[in-house]
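Given the coordinates of chain F, assemble chain V onto it according to the supplied hints.
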Amino acid sequence: MKSANPAEATRTAQDSKNAAPYRSVLALLKPYRFLIAAAVLLSAATVALTVYLPVLVGRTIDLLLGPGQVKLDAVCALLLQIAAIAGLTALVQWLVTVLNNHVAYQVTQDLRKRAFRHMQHLPLSYLDRHSVGELVSRMITDVDQFADGLLLGFTQLFTGVMTILGTLAFMVSIRPLIAGIVLVLTPLSIVVARFIASHTHNFFVAQSQTRGEQTALVDELLGGQKVVKAFGREQAAVAAFDAVNDRLETNSLKAVFYSSLTNPCTRFVNSVVYAAVVLSGALLCVATAGTAAPFTVGSLSALLAYANQYTKPFNEISGVVTEFQNALACAGRVFALLEEPLETETPDAVHKGRQEGDLAQGKVSGTVQMDDVSFSYTKETPLIEHLSFLAQPGQRIAIVGPTGCGKTTLINLLMRFYDVDSGAIRVDGSDLRDMTRARLRASYGMVLQETWLRSGTIRDNLILGKPEATDEEIEAACRAAHAHSFIQLLPRGYDTVITEDGGMLSQGQKQLLCIARIMLCLPPMLILDEATSSIDTRTEMKIQKAFATMMQGRTSFIVAHRLSTIREADAILVMKEGKVIEVGTHDELLSKRGFYAELYNSQFSG
Amino acid sequence: MRKLFSHLKPYRRECIFGPLFKLAEAGLELLIPLIVASVIDRGVGGEDRTHILRMSLSLVGLGLLGLGFSVTAQFFSARAAVGFVTKLRHALFAHIQRFPYATLDRIGIPTLITRMSSDMNQVQTGLNLTLRLLLRSPFVVFGAMVMAFTIDTTAALWFVAAIPVLALVVFGIMLLTMPMYKRVQERLDSVLGTTRENLNGVRVLRAFRKEEAECAAFAEQNRVLTASQQRVGKLSALMNPVTYVVVNLAVIGLIRTGALRVQAGILTQGAVVALYNYMSQILVELIKLANLIINITKSLACAKRIQSVLDIQDEEKAQQGLPESDPAVRVEFDHTAIAYGGAGGEALSGVSLRAMPGQVIGVVGGTGSGKTTLVNLIPRFYEATGGRVLVDGIDVRAWDPEALRAKIGLVPQKATLFRGNIRENLLWGGEKATDEALLEAVAAAQASDVVASKGGLDGEIEQFGRNLSGGQRQRLTIARALVRKPEILILDDSASALDFATDAALRKAIRSLPYRPTVFLVAQRSTAVSHADQIVVLDEGRVVGLGTHDALLDSCPVYREIHESQFRKEAAQ
Numbered sequence: 001m002k003s004a005n006p007a008e009a010t011r012t013a014q015d016s017k018n019a020a021p022y023r024s025v026l027a028l029l030k031p032y033r034f035l036i037a038a039a040v041l042l043s044a045a046t047v048a049l050t051v052y053l054p055v056l057v058g059r060t061i062d063l064l065l066g067p068g069q070v071k072l073d074a075v076c077a078l079l080l081q082i083a084a085i086a087g088l089t090a091l092v093q094w095l096v097t098v099l100n101n102h103v104a105y106q107v108t109q110d111l112r113k114r115a116f117r118h119m120q121h122l123p124l125s126y127l128d129r130h131s132v133g134e135l136v137s138r139m140i141t142d143v144d145q146f147a148d149g150l151l152l153g154f155t156q157l158f159t160g161v162m163t164i165l166g167t168l169a170f171m172v173s174i175r176p177l178i179a180g181i182v183l184v185l186t187p188l189s190i191v192v193a194r195f196i197a198s199h200t201h202n203f204f205v206a207q208s209q210t211r212g213e214q215t216a217l218v219d220e221l222l223g224g225q226k227v228v229k230a231f232g233r234e235q236a237a238v239a240a241f242d243a244v245n246d247r248l249e250t251n252s253l254k255a256v257f258y259s260s261l262t263n264p265c266t267r268f269v270n271s272v273v274y275a276a277v278v279l280s281g282a283l284l285c286v287a288t289a290g291t292a293a294p295f296t297v298g299s300l301s302a303l304l305a306y307a308n309q310y311t312k313p314f315n316e317i318s319g320v321v322t323e324f325q326n327a328l329a330c331a332g333r334v335f336a337l338l339e340e341p342l343e344t345e346t347p348d349a350v351h352k353g354r355q356e357g358d359l360a361q362g363k364v365s366g367t368v369q370m371d372d373v374s375f376s377y378t379k380e381t382p383l384i385e386h387l388s389f390l391a392q393p394g395q396r397i398a399i400v401g402p403t404g405c406g407k408t409t410l411i412n413l414l415m416r417f418y419d420v421d422s423g424a425i426r427v428d429g430s431d432l433r434d435m436t437r438a439r440l441r442a443s444y445g446m447v448l449q450e451t452w453l454r455s456g457t458i459r460d461n462l463i464l465g466k467p468e469a470t471d472e473e474i475e476a477a478c479r480a481a482h483a484h485s486f487i488q489l490l491p492r493g494y495d496t497v498i499t500e501d502g503g504m505l506s507q508g509q510k511q512l513l514c515i516a517r518i519m520l521c522l523p524p525m526l527i528l529d530e531a532t533s534s535i536d537t538r539t540e541m542k543i544q545k546a547f548a549t550m551m552q553g554r555t556s557f558i559v560a561h562r563l564s565t566i567r568e569a570d571a572i573l574v575m576k577e578g579k580v581i582e583v584g585t586h587d588e589l590l591s592k593r594g595f596y597a598e599l600y601n602s603q604f605s606g
Numbered sequence: 001m002r003k004l005f006s007h008l009k010p011y012r013r014e015c016i017f018g019p020l021f022k023l024a025e026a027g028l029e030l031l032i033p034l035i036v037a038s039v040i041d042r043g044v045g046g047e048d049r050t051h052i053l054r055m056s057l058s059l060v061g062l063g064l065l066g067l068g069f070s071v072t073a074q075f076f077s078a079r080a081a082v083g084f085v086t087k088l089r090h091a092l093f094a095h096i097q098r099f100p101y102a103t104l105d106r107i108g109i110p111t112l113i114t115r116m117s118s119d120m121n122q123v124q125t126g127l128n129l130t131l132r133l134l135l136r137s138p139f140v141v142f143g144a145m146v147m148a149f150t151i152d153t154t155a156a157l158w159f160v161a162a163i164p165v166l167a168l169v170v171f172g173i174m175l176l177t178m179p180m181y182k183r184v185q186e187r188l189d190s191v192l193g194t195t196r197e198n199l200n201g202v203r204v205l206r207a208f209r210k211e212e213a214e215c216a217a218f219a220e221q222n223r224v225l226t227a228s229q230q231r232v233g234k235l236s237a238l239m240n241p242v243t244y245v246v247v248n249l250a251v252i253g254l255i256r257t258g259a260l261r262v263q264a265g266i267l268t269q270g271a272v273v274a275l276y277n278y279m280s281q282i283l284v285e286l287i288k289l290a291n292l293i294i295n296i297t298k299s300l301a302c303a304k305r306i307q308s309v310l311d312i313q314d315e316e317k318a319q320q321g322l323p324e325s326d327p328a329v330r331v332e333f334d335h336t337a338i339a340y341g342g343a344g345g346e347a348l349s350g351v352s353l354r355a356m357p358g359q360v361i362g363v364v365g366g367t368g369s370g371k372t373t374l375v376n377l378i379p380r381f382y383e384a385t386g387g388r389v390l391v392d393g394i395d396v397r398a399w400d401p402e403a404l405r406a407k408i409g410l411v412p413q414k415a416t417l418f419r420g421n422i423r424e425n426l427l428w429g430g431e432k433a434t435d436e437a438l439l440e441a442v443a444a445a446q447a448s449d450v451v452a453s454k455g456g457l458d459g460e461i462e463q464f465g466r467n468l469s470g471g472q473r474q475r476l477t478i479a480r481a482l483v484r485k486p487e488i489l490i491l492d493d494s495a496s497a498l499d500f501a502t503d504a505a506l507r508k509a510i511r512s513l514p515y516r517p518t519v520f521l522v523a524q525r526s527t528a529v530s531h532a533d534q535i536v537v538l539d540e541g542r543v544v545g546l547g548t549h550d551a552l553l554d555s556c557p558v559y560r561e562i563h564e565s566q567f568r569k570e571a572a573q
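Chains F and V, in that order, are what the protein sequence lines are.
Per the numbering used here, residue 1 is the first one in the first sequence, and the count goes up by one each step.
Per the numbering used here, residue 1 is the first one in the second sequence, and the count goes up by one each step.
Looking at chain F on its own, in the form it has when it is part of the complex (with noise of 0.2 Å):
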């Protein structure tokens, strides 16, 4: 299931790239337009006053003539000027740098937000088919790139033209000629950058293609460090890793040194451009000397560091092509993945929800129909097949069966995280499409095999289901499910800190966690799930009692390949590839004689 299709994930990622978001891109600026126009605005202000400080500075160095020929009075008033233009571009390009932080932040901060929500409401088929690492990296690496790439991006492309087109201005405001000579010229740069980038491409894609495989490797490798070890494959986990490495050391250093051309080789163009300036300017100088109209070395100066600012931001636009289109791509997975449909309710059953609230306790009395049931994951691999049962209030219904008979599937089924293909469960009566999940899901309690505890305090754990238990709930339900005595060992109590993966607590303390979270909010109806796998059959037996005591009145199901588990249910459904083949109690099928029977016997005989 969640091994994604290869050819399919090609598939999207070309869709998104094609589909190129901009629409949705300017949906999401919206709010900021002024703040957007403003650092619009501003940074063309920045854009002017830059260009414009060179030419005073020209025409100072304009009065410095010679000996006895500077007038200093002139120096001094342009100098303060000069002064003035600075602090103003300063503060100006202050603003504008804010502006667009603040910009590129929020709208961060908005796109992860709603990425998050509509995480929320994503059906589990999506969820179960992508890799978590997968979609974390859309929600989170994903939308910062696109921040970054996109807003960032697109400031430093607009101040890039703005002062290429400033520059030019300038330039040719000065000496048409100049300018045209470094018109000519400046593109050769962009070319050369291009050259470069496109032939780089492939040993770059080369590079992450090895780096991928090797992050694969070592994945693998170091998460089952303890087999290779076990197995004593020591040598060959260094072989193949290797093997992989050395590759990459080859395509690294393509892409790592191809790639570093482009500065030198940019620098070279700019120096060029640079001698074509001096050449021309000064030739012109000594031509204009005397003239009406003579070209000073003030202007002169000015155009040399105009030449060395147009350039810039011909490399720096060329950089930010290639991160706008990575921040596209970004920005297309983050919108496709808002774009993918979410679960619905019917209208009818939000309104009855609304009216009627949860199916909180003592409303359901906790029929539960399956009828007629079909589903499957993928069409081409049938799972469940016409399925039938109904589960009185109050029963306790146990589901056995070889591993991969659909006992997994059914809870997917019955919680209503997957829809039924064909047929129909209904519980007291009513559809469970008819009703809105949250109320379906707040009658059942679950303990699933895989158990799933949050980074937090104990507490924090347990509370779950139940935000505003108290001390004492808390305290009654741990009891109840045998996690007392162990949760008051560890160092901090109820308030001991633990990671996602449990950290310090065996499989065993963690199945009891589960269960007391469950204990704790006592729902009408249960979901057990191999609850017990990993909880010894001493401890078990013990929390088996209060176990039922709660089912005591619920209607609950429960998978176990633990016959001691079941052995009270009022009904047992035996399934096997995907059907029921055999329903009945514990003695009726025994009796039987059939593939129940024989499963139980093989307990025996072990």
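Since the hints were made in silico from the structure, they are not lab data.
Hints are supplied without guarantee of correctness; some may be wrong.
Here are the computed lysine-lysine pairs in the DSSO-like style, where the Cα-Cα straight-line distance is at most 27 Å [unchecked claim]: (1) V:Lys317 - V:Lys407; (2) V:Lys317 - F:Lys226; (3) V:Lys298 - V:Lys9; (4) F:Lys113 - V:Lys508; (5) V:Lys317 - V:Lys234; (6) F:Lys379 - V:Lys454; (7) V:Lys414 - F:Lys576; (8) F:Lys576 - V:Lys454; (9) V:Lys9 - V:Lys87; (10) V:Lys317 - V:Lys3; (11) V:Lys485 - V:Lys508; (12) V:Lys288 - F:Lys254; (13) V:Lys508 - F:Lys592.
Which stretches of chain F does chain V cover? Using the computed rule of at least three CB atoms under 8 Å from a CB of chain V, they are [stated by the list, open to error]: (14) 242-248; (15) 331-342.
What you are looking at is a predicted structure, and each value in this text was computed from that prediction instead of being measured.
All C-beta atoms, glycine included, are put in the ideal place defined by N, C-alpha and C.
Structure of chain V alone, referenced to chain F:
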């Protein structure tokens, strides 16, 4: 960090030539303002057109030479950085392979994975940048100042004034923002962690209808993250404007001094232009240097983390001169005790037990009673902190770990398979096994149907074996252990995902293995071990019963309780 950088030794030449060529290039750059000054003074001032042409051509020539220098520099530094990190990765990976279990537990696998991947990449980038730029920027800054002094000492004092102020601004802001960026990163990590956790626990959270509460909690974390981003953003936004102002103030001072000196005939117009150009160069380089230092700091932190793993010298070595015991006993526990590092109490204490060749030893006990710990001592995955463990009469600490483990087939609690095909996975058990032998092991492990369903031994296995169900994985890991026809077979509760019928068939098949291994069978149920030659009953790390099923039912209350917890109802009937 000497150990870490020792891997740089093969690249000594690259590490010298890289920066050297980079400096050569920077040196050329420093000449440019002088050339321009000469163009202005001699070319324009003296109306010498040939001089102008010659100087312009030499500018192009310098550019070309600079290109050559810097390409050479890039090549050397790329080779050193990439090569160094490749060697380092190998060294770290090989180093990790030597870690005993206790060390792996202490450091944690996710940490090691990070060291191997992102930390390494950061070190590569850092080293590459260091070789290219670390010397270059200060060289240009001070070079520009020195050049200024060669032009005019008085005007150059403006450089002496500006450089410290600029450095103060650039590095001051950097130092102030670095911890703030660290906090931003921490908050980003926690946002990331929450998202991951939420996805992992999606079923539980939805079952408890926590969707809204989760959104609210996330929104708060998200807000805090943004706030800290905004804060640091405002501060670091000061860098460019402030340095811009400082440089321009210096330029103003420079020109004013220049104007006076020109007036007095000490300086030429061209010289003032050259000074102005040097001042502009300084700013660019200082900012580059600040960014570089941020990068290097990050890389050094990563390098330190890598180093700290390399520094761990926990290694399993065969010890000499330990007393031996009866070689006819396959596995012997002799007053064995162990306390895990950090944990207070002993996980096992005073365990004594002798397992003869061919015997089946059942190990039962409650959750956390020390069953896994007991069997993990046999292959010396953990070391006993008291007493000893012997295999064939030799202390496990005296065994070469590899030779010891080659005798043992282990099936861990968590069924782990690796990407590849079924055959490759099974061959872990014994590299030279024939297909026939593999299939034999598969059959004994009751996994024939698993292999068949995947299309035979060539059937593909995805990473972590995730294209198999839990039960299928368990059976293949059992087969893997059987492939080597081990003398000691350890089954650590490795049938938990199997149904009764399969479990029973498996136990029967293992009892009838022709090579009669000594089997340690860890189980939750007494039925699983009832046929064992000896059953060890553990309770909170102590042996509370040792004997056969029937004897224990008589003598051991804990065992009786475990047994009866499964057969309560039958007993009552």
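>> Hints numbered earlier in the text: which of these fail when held up against the supplied structure?
In response: 4, 5 and 15
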